[in-house]
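Student: Sequences are here, hints too, so could you generate the full structure?
The end of the sequence shown is residue 231 by the numbering used here, with every number in the run present.
These are calculated hints, taken from the structure and not from any lab test.
Predicted model only: the values in this text are computed from it and were never measured.
Treat the hints with care, since some could be wrong.
Stated by the list, open to error - No more than 35 Å apart at the CA atoms, straight line, and that leaves these computed lysine-lysine pairs for DSBU-like:
hint, residue 1, residue 2
1, K226, K147
2, K226, K101
3, K182, K226
4, K101, K182
5, K172, K182
6, K101, K147
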Amino acid sequence: MSRNRIAIGALALSAAGLVGMWQHEGWTERAVIPVKGDVPTVGPGLTRREDGTPVQMGDTITPLDGARRSLAHIQRDEAGLKSCVTAPLHQAEYDLLVDHAYQYGVKATCGSTVVRKVNAGDYAGACEAYLAWRFVAGRDCSLPGSGCRGVYLRSQARRDKCMAVQ
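Tutor: See below:
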C-alpha cells in the first residue's frame, strides 16, 4: 500500500475538490436542463429540492441556499461512498469519487467499475473506468456534435487527474 493512500474513513472532500466540483457544475439561480435529455438542475447542479422531490423548471435558489444544500448533499454522498469503498485512497482519488457521486448518485458510483477496480487495488484501471461515463439519454457524448460533449470532457478530466496520482 502506498504511504500516500489512507483509509477512506479518515478522508473528507478537500477545499480544492469542492471548488473543482462547483466549477464543473456551474451555477444557475433558475432551474435549467443542463444537457438535452437530462433532468432539471438549479444552483450548483442540484437535482433535488430540500424535501427530496425533483427540481422542477421554474425553481429558483439563492447562492447561500445553494451552497448550504450542496454541502449537505456532499455529506450524504460521502457517507454512502464510505459504505462501499473499502480500499485506501489518495485525497485526489477521493475527491474525484465524491465529484462522480455528486453528478451520478452514490448508488451508480458504488455500483460502478470505478469502485470495483478501486476495491480490487487496480487504481490505474479505476482511473480509466471514468471514461465509460460518457452517455446522456442514450447519446455518446464523446462524439463531436453530440450536444453533450462537456459530460465526456468531465470524465476525461477525472481520468487525467486520477492518473496523475498513480
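Student: A separate judgement is required for each hint: does it hold in the structure or not?
Tutor: Going through the hints against the structure:
no., hint, in the structure
1, K226 - K147, "holds, 21 Å"
2, K226 - K101, "holds, 27 Å"
3, K182 - K226, "holds, 17 Å"
4, K101 - K182, "holds, 31 Å"
5, K172 - K182, "holds, 16 Å"
6, K101 - K147, "holds, 32 Å"
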